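J.: Each chain is listed here by its residues.
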Amino acid sequence: LGAFGRRWAALCLAMIVPGVAGAEPGAAEPGALAIFRTDIEPMLDQFCYDCHGYGSNKGGVVLDGFESDRDLRDHSLWLRALKNVRGGLMPPADQPQLPEAERTRLLSWIKGDIFATNPAEPDPGRVTLRRLNRVEYRNTVRELLGVDFNTETEFPADDTGHGFDNLADVLTISPLLLEKYLDAAQTIIAQSVPTRPLAVAEHRIRGRQFQSTIAVDQVVQTALDSAGVPAAAGKPMPQAGTVQGNALDLLYYAPATVAASYEAKHAGPYQVVVDLQTIERYADDLFDYNSCQVRIRIDGEVVFEQPFVREGYKMYSYTFDREWAPGRHEVVVELEPLIHDQPQHRRLRIRLAGATVRGPLPSEFWVPPPRYAEFFPAPVPGEPAARREYARERLKAFATRAFRQRVDRATVDRLVRLAEHHAAEPGSTFEAGVAQAMVAVLASPRFLFRDEGIERVPGERYPRIDEYALASRLSYFLWSSMPDAELFRLAREGRLRRELGAQVERMLADPRAQELVRNFTGQWLQARDVTTVPIESFDVYLRDHPHPEVEEARRTFRRIGRIDEAARTPEQKAEAARARALFQAFNRQPRPQLTSELREAMQRETELLFEHVLKQNRSVIEFLVADYVHVNERLARHYGLEGVEGDEMRLVKLPPDSPRGGVLTQGTVLAVTSNPTRTSAVKRGVFILDHILGAPPPPPPPGVPTLEEATRADGGGELSLREALDQHASNSLCRSCHNRMDPLGFALENFNAMGAWRDSELNRPIESKGRLVSGRTFSDVRELKQILATDHRQDFFYCLAEKLLTYALGRGMDYYDTETLDRLVQQLEAADGRLSALIVGIVESTPFQKRRPLEGDIAGATARGSAPTAALTP
Amino acid sequence: MPAAADLELKKHLAAVSRRHFLRGLGACIALPAFGSLASNRLVAATERALQLATTPTGAPLRTAFVFFPNGAIPQHWWPAGLGRAAQFNATLQPLEAMRQHVQVVGGLDHLNANPGDDGAGDHARGNSVFLTGVRPQKSATDVRAGVSIDQVIAQEVGHLTRLPSLELTCDATRASSNCDSGYSCAYVYNISWRSATTPMTPESNPRLVFERLFGAGVHGQRAAQAQQRIMSRRSVLDFVLEDARQMERRLAAPDRDKLGQYLDGIRDVETRIEKAERFGAGPDPDVETPSGIPPSQAQYVDLMYDMMLLAFQTDSTRVATFVLGHDGDNRSFSEIGISEGHHDLSHHQNRQDRIEKVARIDRWYVERFAAFLQRLEATKDVDGHSLLHNSRIVYGSGNADGNRHTHENLPVLLAGGGGGLLHPGRVVHHGGQPMSNLFLSLAEQAGVHQLERFGDSTGRLANV
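First to last, the sequence lines map onto chains A and B. The first sequence runs 0 to 873 under this note's numbering. The second sequence runs 709 to 1172 under this note's numbering.
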């Protein structure tokens, strides 16, 4: 279609559907190419075509040779141009710069003529039907039914795009996942909704409620050093056990006697169920041959006795039938070491989860099961019609919350029919019928997907999402969960939109806003990954503290270790023993290690900074530069900060010359951008470009090795980073991109792969000074952070706005979002960078409030009784 | 439906599987005896059963695709010479004892994994092209690959077994962030695709794999539990289908695609229910349910292989895929004294020490594979042959030389006898043909006859 054809098509449609003519945003005014030739091309000719015209195509970008309007309207090309010009990346610093007026004209031409954005009514885009991801599902189920269903182990991981796991387009449902959804629905309802009005009374005694019967002064914790070196042989001292959550852990190596009691009110048959688990710490190729005897006594009588060797992670449940008189009854768990003088490599433990006392068993003693009144607050009517009405009332309330929208009568009817059908089965009950209908609700696509209704506003081009949909968008954005009662109430009354500001404030103050903190920082800054990123602490430490003797010993040990034990010569055995001794002596000395506790503290640090800025209503610039950190003793020591004691994370003011403060020098960012044994200046540079400046470099051309992969010109030895940089700088293919990322990464070279400070690597001093592509120079990371916070303040605003809007909407950004992003950045700027302004801005923005209509919506809108209004897809 | 014969087979398999044949992690016990099964009963299976995923003796014909990450060091991978007398090099050395069961297949390419207009992203393509043979759409959100060969086969033969196919992975943790040069992570962690837009999500937790196959709980109760669980799904189907229909009416095309995935899943569940009714209670192997992901990588990989073995032995499925690690995987191998990340090392700068380390990782993966083949060989199938004899296991990577990101002459092994249809024990070089040609041949052997083309195939691969 030429311009004429397009106009013709628009005209035809305008005749069919009133109210469209001239409003089609995708069609620029006729002669866009002509305007380009007269107004824009001369400017490009002067400032851009050296690299992007006349046959040059640096970075794959060509800005000339357009032959038609259609050709010209290449949205992704011009979006790239817009970002680069806006961010001051183009033209490059060493080339003549666009005068301000020209620059402004170019940017507004791209937005106006190419993107055809309408500032008064930007295109809101459209989010595809989005299913709940694992996190949202878990939170929603917790909110809805008070059940913590561990989706992280039960469901497969969600796929991601643009770094986020909540993007509608990328979230799919495989047959496997669907099966899991159906089974999860059963499990969750079975765990929460009682299916009988009365049941055997149950009393749970948690493992941690078991008390040691040994006097406190006799208790000595069995000592085990971190390297797993055997504790002193001899008679082990009794232990009291260690509380682990609700459970109690008992080591195999020391005797223990723990007891709990139960006061029986009635005489009769009872059951006692004791739950145990075997636990061990994994150790490479090291086994633990200790064993113990576990004995269970009830009221003094031994009811169970069995030896345990190393068993892996297994659960055991033992049930004992007892005939009890009223009064106090005692359950005792005893552990007696059988073999306890073998190396305690695996910290073998019996985990006492707890004991359940059930009874008396006869039905005259039965009581309403736990949570009965919550699901069935009134007595079940005997009369069939009233019964049905009761089921209807219960199921309508549940389905409305679960579907997060109004539920029509027909749906409730179907649920009631399902409940009645199930209740009529032999042995079933009214309650079981209702529970089965609730299973169906949780299995429904209306629960699993976020189905959004829309409403038309007279005179507006784009329909708004309805108030229920708005409630869900808010709650899933700020809480990663379903709306609460207040949001539902406001939506029902049609007042949510009017009270948006107050609601956002309330929601951010709510503890559930932790989910925004956790899930957004977890992905924007990859803070989640720090708990699993493979880092070999030993190797990282050795790079900064080279120790040829130890390295040689390790190599020797490994070399001989690969020889079959039987085939080793006596010399080899002696050599291996020597190497092992040397290695172990070194290994016993304290050195920084990226333990799981430290990783966890790092993750919390990143979350706490975000939370601090959010809750204290501070500027997002503090993500880049801050004179404080959040640490506990462990992390403070890792960072070389003194005077912090205990496990609790807290805000600590930094000394004036500290390089820390802000996300770039946090352990999370530094570790997740590293390889297992060493840092990667390239990965770190790319991280800053992508996650802080919003200008990810194009991926390397195929076949070009990355920085660390570049081969030394002389063919041997490892390139120092400086040498690699020089190589990049001398190769024009590498230079155009690596000039942007390398200096950023080098500024962080003082931090090793564990995020600890260092002055040298492989005995070479670290040089952290550098020069940005903008021409600005810096001497260390402190100066770099200042430059980012001042010169690149706006880039950072754009980047953060883009990431947060992507997360909030659940879709990737496109050219038509330029207008919204411009506005968000203006709002951030006007609010001195306060994070709350960005969040409120997003919530109020067009793409959050509205939705681009497609033909399906029109049918939907009609079905809901709104007037149909046609619109074209841009 | 080959009802009678099939049922007979099931019953027998169920009986067999009750024997204790696996002991602990990755260990294997001697073969159960199988004298009782009259082979003529199997041969009497209906014609259709004989054609589809069935060996000439009437036993199930299993097909698996195992993916290892980051290619292999070519000079250590490729044997010296061709044919039966070829000399295995360092990487394939662990297969020496099994060499008569393995075909080393050279000269197969995945040209669609090479950079085209889509530029960088060789790892994402290495994964997503591996079983599809098509160039995936480069996008973070607009995910479009192709139907993978395992799914092509499963769609034809899946009705014969309780599960049409099984998808496994040892990628238990996933990084957030962008995956590879603008490709969605969906391309990186999935190799099996049911449709262009629906990846078959693999399962990483051996406990969940086991419970899906055989039911939860202790031995003796599982089959009933599994049956009960499958049947209980039925009660909600009418309701959710009606809900889906109501929703569908007001959805636009991209939404319908998402809802379509839901509906496809529902149809699969319906099929499973029908099968559960027809086949009755399933097998319940007398082994312990795995407690979860073992801490050691070797145990983890072995245990996942065991899950595949169990699934095949009990004829729970005839099609499986297994991702040992996605292409670009950067895990370290401290278990064998290698601290560096695998991907990081694979760009070895031609430094000898790094090449050696990568080769040792390649070999470690082959060791695990060889041990799996040994267990398959030690397990007798219904027709008296070994399970390995009645299987076709493709073992390969999406990159050939990880250092240079090449996708020609991919490292590929084809293990098993295919029920006598394959000719293992050789090194063959096909001189540069699409990997898809091999897939086309394998599909045909499994009874998928109407398939003329697959991915970038140019014809069927001869001499397999």
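Quick caveat, the hints were computed from the structure, so don't treat them as lab data. Because the structure is a prediction, the values reported are computed rather than measured. One should not assume that every hint holds.
Below, simulated SDA-like cross-link-like pairs (lysine to any residue); rule was C-alpha separation at most 20 Å, straight line [claimed, not checked]:
1) K313/A <-> H1055/B
2) K983/B <-> M955/B
3) K614/A <-> D831/A
4) K395/A <-> A952/B
5) K572/A <-> R1039/B
6) K682/A <-> I1044/B
7) K110/A <-> V134/A
8) K395/A <-> S943/B
9) K313/A <-> V995/B
10) K110/A <-> Q94/A
11) K82/A <-> R822/A
12) K313/A <-> P1003/B
13) K395/A <-> L949/B
14) K983/B <-> F319/A
15) K313/A <-> E996/B
16) K313/A <-> K1088/B
17) K682/A <-> H1055/B
18) K395/A <-> D946/B
19) K682/A <-> P697/A
20) K82/A <-> I39/A
21) K82/A <-> D790/A
22) K313/A <-> K983/B
23) K264/A <-> L197/A
24) K264/A <-> A324/A
25) K82/A <-> G111/A
26) K395/A <-> M955/B
Here are some of the chain B residues that sit facing chain A, going by a computed Cβ distance under 8 Å [stated by the list, open to error]:
27) R937
28) D951
29) Q969
30) E978
31) A984
32) E1116
Backbone N, C-alpha and C define an ideal beta-carbon position, used for all residues, glycine too.
J.: All the hints need checking, so say for each whether the structure fits it.
T.: Here is how each hint holds up against the structure:
In summary, the hint linking K313/A to H1055/B is not supported, as the alpha carbons are separated by about 41 Å, beyond the 20 Å threshold. Between K983/B and M955/B, the direct Cα distance comes to roughly 29 Å. Violation of the 20 Å bound is thereby established for this hinted pair. Restraint check for K614/A and D831/A: satisfied, since their Cα atoms lie roughly 16 Å apart, inside the 20 Å limit. Note on K395/A and A952/B: the hinted pairing holds, with a Cα-Cα distance of about 18 Å set against a maximum of 20 Å.
With a C-alpha separation of about 31 Å, the suggested pairing of K572/A with R1039/B is violated against the 20 Å cut-off. For a cut-off of 20 Å, the pair hint linking K682/A to I1044/B is broken: about 27 Å separates their Cα positions. Using a Cα cut-off of 20 Å, the hinted pair K110/A and V134/A is violated, with the two alpha carbons roughly 37 Å apart. Simply put, K395/A and S943/B have alpha-carbon atoms about 19 Å apart, close enough for the 20 Å limit, and the pair holds.
Restraint check for K313/A and V995/B: satisfied, since their Cα atoms lie roughly 13 Å apart, inside the 20 Å limit. Taking the CA atoms of K110/A and Q94/A, the gap is near 25 Å; set against the 20 Å cutoff, the hint is violated. Between K82/A and R822/A the alpha-carbon distance is near 15 Å, which keeps this suggested pair within the 20 Å criterion. Using a Cα cut-off of 20 Å, the hinted pair K313/A and P1003/B holds, with the two alpha carbons roughly 14 Å apart.
Distance check on the hinted pair: K395/A and L949/B sit about 19 Å apart at the alpha-carbon level, within 20 Å; holds. Pair hint K983/B plus F319/A does not hold up; C-alpha atoms about 39 Å apart against a cutoff of 20 Å. A threshold of 20 Å between alpha carbons decides the hint, and for K313/A with E996/B the separation of about 10 Å falls inside it, so the pair holds. Restraint check: the Cα-Cα separation between K313/A and K1088/B comes to about 30 Å, which exceeds 20 Å; the hinted pair is violated.
Restraint check for K682/A and H1055/B: satisfied, since their Cα atoms lie roughly 15 Å apart, inside the 20 Å limit. Distance hint between K395/A and D946/B is fulfilled; the C-alpha atoms sit about 18 Å from each other, no more than 20 Å. Restraint check for K682/A and P697/A: the C-alpha separation of about 13 Å stays at or below 20 Å, so the hint holds. Distance restraint check for K82/A and I39/A: the Cα-Cα separation of roughly 17 Å lies within the 20 Å cut-off, and the hinted pair is therefore satisfied.
Among the hinted pairs, K82/A with D790/A is consistent with the structure: their alpha-carbon atoms are about 16 Å apart, no more than 20 Å. The straight-line distance between the Cα atoms of K313/A and K983/B is roughly 32 Å, outside the 20 Å bound, and the hint therefore fails. Restraint check for K264/A and L197/A: satisfied, since their Cα atoms lie roughly 18 Å apart, inside the 20 Å limit. Our distance criterion of 20 Å between C-alpha atoms is met by K264/A and A324/A, whose separation comes to about 8 Å.
Proximity of K82/A to G111/A is assessed by CA-CA distance (about 15 Å); at most 20 Å being required, the pair is judged to hold. Only pairs whose Cα atoms come within 20 Å are accepted, and K395/A paired with M955/B is accepted, the gap being roughly 18 Å. Using the Cβ-Cβ criterion of 8 Å, the hint placing R937/B at the interface with chain A is satisfied: the shortest such distance is roughly 6 Å. The interface hint given for D951/B is met, as the beta carbon of that residue sits about 4 Å from the closest beta carbon of chain A, less than 8 Å.
The closest approach between the C-beta of Q969/B and any C-beta of chain A is roughly 4 Å, which is under the 8 Å cut-off, so the hint is satisfied. The interface hint given for E978/B is broken, as the beta carbon of that residue sits about 11 Å from the closest beta carbon of chain A, more than 8 Å. Using the Cβ-Cβ criterion of 8 Å, the hint placing A984/B at the interface with chain A is not satisfied: the shortest such distance is roughly 12 Å. Evaluation of the E1116/B hint against chain A yields a violated restraint, the C-beta minimum of about 13 Å exceeding 8 Å.
The structure does not agree with the numbered hints 1, 2, 5, 6, 7, 10, 14, 16, 22, 30, 31, 32 stated previously, though it agrees with the rest.
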